[in-house]
Amino acid sequence: IQGIPYEYVEFHDPRYPLIVGGLNAQEDTIGYVQVRIKKHRWHRKILKTSDPLIISLGWRRFQTQVVYSMKDQNDRMRVVKYTPEHMHCYATFYGPITPPNTGMIGFQNLSGKDTTFRVCSTGVVLELNQKFQIMKKLKLVGYPYKINKNTAFIKDMFNSRLEVSKFVGASIRTVSGIRGQVKKPQRDREGSYRATFEDKILMSDIVFLRAWVPVEVKKYYNPVTDLLQPDKGSWEGMKTVYQLRKERGLKIPINPDSKYTPIERPLRTFAPLIIPKSLQAELPFKATPKQKKKITTPSLTTTRAVLLEPHEKKQLQVI
Numbered sequence: 009i010q011g012i013p014y015e016y017v018e019f020h021d022p023r024y025p026l027i028v029g030g031l032n033a034q035e036d037t038i039g040y041v042q043v044r045i046k047k048h049r050w051h052r053k054i055l056k057t058s059d060p061l062i063i064s065l066g067w068r069r070f071q072t073q074v075v076y077s078m079k080d081q082n083d084r085m086r087v088v089k090y091t092p093e094h095m096h097c098y099a100t101f102y103g104p105i106t107p108p109n110t111g112m113i114g115f116q117n118l119s120g121k122d123t124t125f126r127v128c129s130t131g132v133v134l135e136l137n138q139k140f141q142i143m144k145k146l147k148l149v150g151y152p153y154k155i156n157k158n159t160a161f162i163k164d165m166f167n168s169r170l171e172v173s174k175f176v177g178a179s180i181r182t183v184s185g186i187r188g189q190v191k192k193p194q195r196d197r198e199g200s201y202r203a204t205f206e207d208k209i210l211m212s213d214i215v216f217l218r219a220w221v222p223v224e225v226k227k228y229y230n231p232v233t234d235l236l237q238p239d240k241g242s243w244e245g246m247k248t249v250y251q252l253r254k255e256r257g258l259k260i261p262i263n264p265d266s267k268y269t270p271i272e273r274p275l276r277t278f279a280p281l282i283i284p285k286s287l288q289a290e291l292p293f294k295a296t297p298k299q300k301k302k303i304t305t306p307s308l309t310t311t312r313a314v315l316l317e318p319h320e321k322k323q324l325q326v327i
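According to this note's numbering, the sequence shown is numbered sequentially starting from 9.
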């Protein structure tokens with residue numbers, strides 16, 4: 009056998025047996041692997057996208073960064089931030105090419121000091137490819153600065169005319185539910201564009217554009233070399249964000265815009281409906297506005313005295 013590191017001979021421990029195996033010619037390459045994965049029911053925490061995960065797959069053990077996703081009804085792979093609690097999902101990572109239907113086991117660390125259940129996920133290889141298209145939602149927000157009937161000019165959604173040209177023809181929507189379409193970038197303001205809507209919108213409306221952007225799976229592949237260490241349980245790979253914050257005593261950064269605040273909307277007063285007299289003359293009597301004069305003198309119902317019967321007075325005294 010050739011190519012064995014000298015650390016293995018120097019720090020050899022007979023309590024750790026060595027199983028000699030072989031790989032096929034096509035298994036020497038490294039690419040993107042997609043597996044169907046499920047969080048182990050005995051593991052306490054759910055798994056987070058882009059967190060490092062130690063995977064035992066075939067003859068190899070390595071650490072990589074996994075992107076979890078779910079398949080929509082239109083076969084689009086949509087990124088999920090965390091793994092489902094009691095469901096399977098898809099996981100894509102950068103690692104050695106392994107034949108489909110090969111089982112895998114995932115760990116978050118290999119230290120023997122952890123008293124909890126270490127196996128965090130199990131799965132099976134589904135597909136191999138040089139690139140997988142995984143998408144995530146992107147919501148862009150804009151505000152109108154000029155309105156002409158059903159045409160409006162939107163600002164603060166894009167930064168340049170080039171970005172607008174990529175979204176020409178995309179569907180947009182206001183908070184009130186009026187649908188529209190991106191038409192053409194404008195020259196007066198950088199990043200503004202002209203859009204048409206089903207109905208006339210207001211200056212107070214907010215315009216949304218829902219888009220999808222691809223997510224890139226990071227090319228991180230770190231083989232586990234714990235047998236080359238003097239202490240077999242001392243191997244450490246990339247740490248999670250939670251572990252780094254816990255070691256350094258850092259708090260979770262809080263974005264003020266992400267806090268829930270009470271919504272305060274000013275009360276809008278609408279102008280009264282005014283129908284021209286020429287139109288009132290053509291309307292039927294049932295549809296004509298009935299304008300009653302305001303009563304200035306007190307009416308009879310407020311000024312008349314109420315005389316009670318003797319039994320009614322007794323009832324009031326008891327009450």
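It is worth saying that the hints were derived from the structure and are not from the lab.
It is possible that part of the hints are untrue.
The following label-pair restraints were derived from C-beta to C-beta distances [said to hold, decoys possible]: (1) PHE216 to LYS247: 36 to 42 Å; (2) PRO261 to MET78: 24 to 30 Å; (3) THR311 to ILE155: 49 to 55 Å.
By construction, the Cβ of each residue, glycine as well, lies at the ideal position given by its N, Cα and C atoms.
| query | CB of THR311 to CB of ILE155, is that within 49 to 55 Å? | reply | Given a distance of about 54 Å, which is inside 49 to 55 Å, the answer is holds.
| message | I want to verify a distance hint. Is the separation of the beta carbons of PRO261 and MET78 within 24 to 30 Å? | response | 27 Å, holds
| query | Using the C-beta atoms of PHE216 and LYS247, is the stated range 36 to 42 Å upheld? | reply | 38 Å, holds
Checked against the numbered hints above, the structure violates none of them.
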